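S.K.: Chains A and B are the protein sequences, given in the same order. Using this note's numbering, the first residue of the first sequence is number 1, and each one after it goes up by one. Using this note's numbering, the first residue of the second sequence is number 1001, and each one after it goes up by one.
No lab work stands behind these hints: they were computed from the structure. For clarity, every value in this text was computed on a predicted model and none was experimentally measured. Note that CB positions come from ideal geometry on N, CA and C, so glycine has one too. It cannot be assumed that every hint is accurate.
[To be verified] Reference listing, derived: stretches of chain A covered by chain B, where coverage requires no fewer than 3 residues with Cβ under 8 angstroms from a Cβ of chain B:
1) 45-55
2) 116-126
3) 150-160
4) 221-230
5) 240-252
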Amino acid sequence: MISAPRASAPVPARAGLGLRGPHVPEIVATRPPIAWLELHPENYMSEGPGLAALERIRRDYPLSLHGVGLSLGSAEGIDRTHLARLRRLVERLEPGLVSEHLSWSVSDGVYLNDLLPLPLDEEALATVARNVEAMQEALGHRILVENPSAYVRFRHSTIPEPEFLAELARRTGCGLLCDVNNLYVSCVNFGCDPRGYLDALPAAEIGEIHLAGHFRTERQGRLLLIDDHGSRVSEPVWALYEHALERFGAVPSLIEWDREIPTLDVLMREAARADAIARRALDGADRARVA
Amino acid sequence: MRSPVAPSMERTVPGLHELQRDFRAALLAGDAAALAPFLLEDGMSRECRLDVYRNNIRGSLSAVLAESFPAVRRLVDARFFDYAAQTFIAARPPGSPCLHDYGAAFPDFLAEFPPCRELVYLSDVARLEWLLHSAAFAAEASPIAAAALASVPAEETPALMLRFHPSLGLLESAWPIDRIWAANRPGRESEETIDLAEGGVRLEATRRGGTVMLRRLDAPAFAFRSALLRRSALEAAAAAALERDAGFDVAAELGALFREGLVTEISR
Chain A
1 MISAPRASAP
11 VPARAGLGLR
21 GPHVPEIVAT
31 RPPIAWLELH
41 PENYMSEGPG
51 LAALERIRRD
61 YPLSLHGVGL
71 SLGSAEGIDR
81 THLARLRRLV
91 ERLEPGLVSE
101 HLSWSVSDGV
111 YLNDLLPLPL
121 DEEALATVAR
131 NVEAMQEALG
141 HRILVENPSA
151 YVRFRHSTIP
161 EPEFLAELAR
171 RTGCGLLCDV
181 NNLYVSCVNF
191 GCDPRGYLDA
201 LPAAEIGEIH
211 LAGHFRTERQ
221 GRLLLIDDHG
231 SRVSEPVWAL
241 YEHALERFGA
251 VPSLIEWDRE
261 IPTLDVLMRE
271 AARADAIARR
281 ALDGADRARV
291 A
Chain B
1001 MRSPVAPSME
1011 RTVPGLHELQ
1021 RDFRAALLAG
1031 DAAALAPFLL
1041 EDGMSRECRL
1051 DVYRNNIRGS
1061 LSAVLAESFP
1071 AVRRLVDARF
1081 FDYAAQTFIA
1091 ARPPGSPCLH
1101 DYGAAFPDFL
1111 AEFPPCRELV
1121 YLSDVARLEW
1131 LLHSAAFAAE
1141 ASPIAAAALA
1151 SVPAEETPAL
1161 MLRFHPSLGL
1171 LESAWPIDRI
1181 WAANRPGRES
1191 EETIDLAEGG
1201 VRLEATRRGG
1211 TVMLRRLDAP
1221 AFAFRSALLR
1231 RSALEAAAAA
1241 ALERDAGFDV
1251 AAELGALFRE
1261 GLVTEISR
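The whole structure should be built from the sequences, with the hints applied where relevant.
M.R.: This is the structure we're talking about:
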């Protein structure tokens, strides 16, 4: 099968879905009305049959590549071999958006399969900025950097996370991916105000929003939220999403679901709810501007 | 005047590289002594907070192994599999975020893992599952037709070398591991009894049209194909096959490799 490569369409300011393996055959076969799709590049780096399916999908949907393994926060720098694999995939799929996380997962070449927290200080800021620049240079693409869910903080952190992200964007020219669920999870876990966090982010740099489910648990008599992408978006996160849109304006939003993955129609209903909230929030924001 | 500082606060904050090493030790080896002074408790013990990350890492990597080795998991039961997986993850954590590559070393680990020493066939069943997994994820490549052989002068034929479709894999075992695997694969579990005395097998995995196929080969064909796959010249591969069967038809067996769509390149 030979077809000329075509640049993926730009990702629209609507709610898209995270592409997950079990849904690929249905999406290829029925082409359901989904505004755009986001995928983890690490799942498609073997150049096997999965990639062939993606080349089909990219003809029908705008794509975003959301990396989980580059480890932008690693003091040892980013893995050039992995960066080269990512570049090949970007060249092949021509995604409208490329993103990664404000976290680390590689230490001395060992890959710890999670988004681990950074101390938020000048050394970490310089490290992440250097790695973001290397990534943007290698890909020839502006990237978005996402706030992670966190469960522990460092005693020597000196910079609040939204300011850290704002300064990272200023230094490197990268954009930001605001994960409203992660922001809520971290704020509840550390007793911070999620709206205050949102209001401290630089609105002009927000290129995408993520939405997902978390679960509530109790440890040592204290509430702990764990971000597991295993359920519907929670009500407080929907409320925060509306507030985020009022501040950031129209941006692409994404429903992520990774554990106990439901049928595609459940995800499409979550996306429809996000679109409905966006219409209401943006109408309200327009009226506020007119008044 | 400096105020007195508590001993734990006197520790110099390590550089990020060292801090990440300490964090890794806390997660993989469970030793948080070096890291703990630099973490805030925020009303909950540091161990409790680190456990969230430990569970995320162990749980997700265990799930990766369980997905690649479902028959091994059924043979030893889920609880033991989880124990073996945790031990493996701590000893051999991934070196790349491409997790479809993670688990290549698991069969060798099982072979050396004392608690399953009595299951003599277990590591070979794991090798078979890895062979099938690798065939499923292997890169795409276009096969060439036997007509390509016409361009090779007769005197150069003995030195011919072939490249194969990346999904092709060969495996030999002293046990009937294909039958053991078939009786324990997901969705097809059976309680049939397999006699280990049936003896060994020589197996070939390939992917055709997106489907992974597994079949047995006889000793001469296995010797021929494995020699070629190891990049031996045609003459040496033919000799290895003829040693096992003086009647081995080299021309026909060479043609079969092309017919089966396995050859992607010939070289001399």
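S.K.: Next step is simple, just say for each hint if it's right about the structure.
M.R.: Checked hints:
Coverage of the segment 45-55 of chain A by chain B holds [criterion: at least 3 residues with CB-CB distance below 8 angstroms; count 8]. Counting residues of the segment 116-126 of chain A whose C-beta lies closer than 8 angstroms to any C-beta of chain B gives 5; at least three are required, and the coverage claim holds. By the rule of at least three residues with a Cβ nearer than 8 angstroms to a Cβ of chain B, the coverage given for the segment 150-160 of chain A holds, with 6 such residues. Beta-carbon proximity to chain B at under 8 angstroms applies to 3 residues in the segment 221-230 of chain A; the threshold of 3 is reached and the given coverage holds.
With a cut-off of 8 angstroms between beta carbons, the segment 240-252 of chain A has 0 residues touching chain B; three or more are needed, and the interface restraint is violated.
Going through the hint list in order, the structure does not satisfy hint 5, though it satisfies all others.
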